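Listed in order, the protein sequences are those of chains A and B.
Using this note's numbering, you'd call the opening residue of the first sequence number 65 and step up by one each time.
Using this note's numbering, you'd call the opening residue of the second sequence number 28 and step up by one each time.
Incorrect hints may have been included.
Said to hold, decoys possible - One-sided excerpt, in silico: chain A residues whose CB lies under 8 Å from chain B:
(1) PHE71
(2) PRO72
(3) MET103
(4) LYS105
(5) GLU106
(6) TYR138
(7) PHE155
(8) GLY160
(9) SER169
Claimed, not checked - Each computed DSS-like pair below joins lysine-lysine, with the alpha-carbon atoms no more than 25 Å apart:
(10) B/LYS32 <-> B/LYS135
(11) A/LYS115 <-> B/LYS32
(12) A/LYS142 <-> B/LYS32
(13) B/LYS81 <-> A/LYS105
(14) A/LYS79 <-> B/LYS95
(15) A/LYS118 <-> A/LYS142
(16) A/LYS115 <-> B/LYS98
(17) B/LYS95 <-> B/LYS81
(18) B/LYS83 <-> B/LYS135
(19) B/LYS83 <-> B/LYS127
(20) B/LYS32 <-> B/LYS98
(21) B/LYS95 <-> B/LYS32
(22) B/LYS98 <-> A/LYS142
(23) B/LYS83 <-> A/LYS115
(24) B/LYS127 <-> A/LYS118
(25) A/LYS108 <-> B/LYS32
(26) B/LYS32 <-> B/LYS83
(27) B/LYS127 <-> A/LYS115
(28) B/LYS81 <-> B/LYS32
(29) A/LYS105 <-> A/LYS79
(30) B/LYS95 <-> B/LYS127
(31) A/LYS108 <-> A/LYS142
(32) B/LYS32 <-> A/LYS105
(33) B/LYS81 <-> B/LYS98
(34) A/LYS142 <-> B/LYS135
(35) A/LYS115 <-> A/LYS79
Unchecked claim - Calculated Cβ distances over 12 Å to all of chain B for the following chain A residues:
(36) VAL68
(37) ASN95
(38) THR137
(39) GLN144
(40) GLU149
Everything labelled a hint here was simulated from the structure, so no lab data went into it.
Note that the structure is a prediction, hence the values are computed from the model and not measured.
All C-beta atoms in this analysis are idealised placements derived from N, C-alpha and C, irrespective of residue type, glycine included.
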Amino acid sequence: EAGVTQFPSHSVIEKGQTVTLRCDPISGHDNLYWYRRVMGKEIKFLLHFVKESKQDESGMPNNRFLAERTGGTYSTLKVQPAELEDSGVYFCASRGQEHGYTFGSGTRLTVV
Amino acid sequence: DQQVKQNSPSLSVQEGRISILNCDYTNSMFDYFLWYKKYPAEGPTFLISISSIKDKNEDGRFTVFLNKSAKHLSLHIVPSQPGDSAVYFCAASATGGYQKVTFGTGTKLQVIP
Chain A
65 EAGVTQFPSH
75 SVIEKGQTVT
85 LRCDPISGHD
95 NLYWYRRVMG
105 KEIKFLLHFV
115 KESKQDESGM
125 PNNRFLAERT
135 GGTYSTLKVQ
145 PAELEDSGVY
155 FCASRGQEHG
165 YTFGSGTRLT
175 VV
Chain B
28 DQQVKQNSPS
38 LSVQEGRISI
48 LNCDYTNSMF
58 DYFLWYKKYP
68 AEGPTFLISI
78 SSIKDKNEDG
88 RFTVFLNKSA
98 KHLSLHIVPS
108 QPGDSAVYFC
118 AASATGGYQK
128 VTFGTGTKLQ
138 VIP
């Protein structure tokens with residue numbers, strides 16, 4: 065079974081630019097989550113999709129962040145325009161019917 | 028407001044000894060607790076979990092203990108092995124683990140050969 069795939073693995077962009085992160089969940093997993101870890105702090109929840117619907121987006125920092133999951137398969141997280149404080153590691157996770165998540169390896173975003 | 032706290036950022040243990048990682052939480056609504064292990068440049072990997080109806084769950088060398096009255100849980104690794112060296116995250120959920128999970132800041136465990 066293929067795991068959760070995220071790309072790019074690293075992205076360095078200038079402040080004000082746009083970046084789009086992509087996550088391919090495990091096939092058949094309806095639940096998809098985005099999390100972010102900033103500067104060695106806790107891993108913070110951003111949002112949760114069930115299929116193509118946003119179940120919970122209470123963790124999204126502001127309207128510069130836009131997440132989509134067209135067709136209930138892969139998901140994208142766009143940051144536009146990026147700010148310095150957006151730097152961190154963005155993790156995607158998916159879950160089927162069981163309790164635990166399966167995380168991807170993350171995208172390390174650096175805004176300079 | 029940190030709802031899940033791991034107050035020890037790092038821990039060093041000799042190989043073969045017991046590693047004890049601690050976690051405290053403040054939200055009384057949490058009913059499901061998980062531990063994740065993370066190696067550098069990888070995503071967190073689910074390790075073990077416990078429901079609030081239990082006070083102990085064991086899986087091989089890993090045991091999680093839950094003290095609901097103290098809002099405290101701990102992960103015991105016995106015996107510790109060098110391959111256990113990683114960052115361990117405590118996490119909690121208020122929905123049986125089926126919705127969003129709140130993570131702690133992690134404890135970096137180093138097992139010394």
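Now the hints, each set against the structure:
no.: 1; hint: PHE71; in the structure: 13 Å, violated
no.: 2; hint: PRO72; in the structure: 13 Å, violated
no.: 3; hint: MET103; in the structure: 11 Å, violated
no.: 4; hint: LYS105; in the structure: 6 Å, holds
no.: 5; hint: GLU106; in the structure: 5 Å, holds
no.: 6; hint: TYR138; in the structure: 16 Å, violated
no.: 7; hint: PHE155; in the structure: 6 Å, holds
no.: 8; hint: GLY160; in the structure: 11 Å, violated
no.: 9; hint: SER169; in the structure: 5 Å, holds
no.: 10; hint: B/LYS32 <-> B/LYS135; in the structure: 14 Å, holds
no.: 11; hint: A/LYS115 <-> B/LYS32; in the structure: 32 Å, violated
no.: 12; hint: A/LYS142 <-> B/LYS32; in the structure: 30 Å, violated
no.: 13; hint: B/LYS81 <-> A/LYS105; in the structure: 29 Å, violated
no.: 14; hint: A/LYS79 <-> B/LYS95; in the structure: 45 Å, violated
no.: 15; hint: A/LYS118 <-> A/LYS142; in the structure: 15 Å, holds
no.: 16; hint: A/LYS115 <-> B/LYS98; in the structure: 34 Å, violated
no.: 17; hint: B/LYS95 <-> B/LYS81; in the structure: 9 Å, holds
no.: 18; hint: B/LYS83 <-> B/LYS135; in the structure: 23 Å, holds
no.: 19; hint: B/LYS83 <-> B/LYS127; in the structure: 23 Å, holds
no.: 20; hint: B/LYS32 <-> B/LYS98; in the structure: 11 Å, holds
no.: 21; hint: B/LYS95 <-> B/LYS32; in the structure: 15 Å, holds
no.: 22; hint: B/LYS98 <-> A/LYS142; in the structure: 37 Å, violated
no.: 23; hint: B/LYS83 <-> A/LYS115; in the structure: 34 Å, violated
no.: 24; hint: B/LYS127 <-> A/LYS118; in the structure: 12 Å, holds
no.: 25; hint: A/LYS108 <-> B/LYS32; in the structure: 13 Å, holds
no.: 26; hint: B/LYS32 <-> B/LYS83; in the structure: 20 Å, holds
no.: 27; hint: B/LYS127 <-> A/LYS115; in the structure: 15 Å, holds
no.: 28; hint: B/LYS81 <-> B/LYS32; in the structure: 21 Å, holds
no.: 29; hint: A/LYS105 <-> A/LYS79; in the structure: 22 Å, holds
no.: 30; hint: B/LYS95 <-> B/LYS127; in the structure: 20 Å, holds
no.: 31; hint: A/LYS108 <-> A/LYS142; in the structure: 17 Å, holds
no.: 32; hint: B/LYS32 <-> A/LYS105; in the structure: 11 Å, holds
no.: 33; hint: B/LYS81 <-> B/LYS98; in the structure: 13 Å, holds
no.: 34; hint: A/LYS142 <-> B/LYS135; in the structure: 31 Å, violated
no.: 35; hint: A/LYS115 <-> A/LYS79; in the structure: 32 Å, violated
no.: 36; hint: VAL68; in the structure: 7 Å, violated
no.: 37; hint: ASN95; in the structure: 8 Å, violated
no.: 38; hint: THR137; in the structure: 19 Å, holds
no.: 39; hint: GLN144; in the structure: 24 Å, holds
no.: 40; hint: GLU149; in the structure: 18 Å, holds
The structure shown violates the earlier hints numbered 1, 2, 3, 6, 8, 11, 12, 13, 14, 16, 22, 23, 34, 35, 36, 37.
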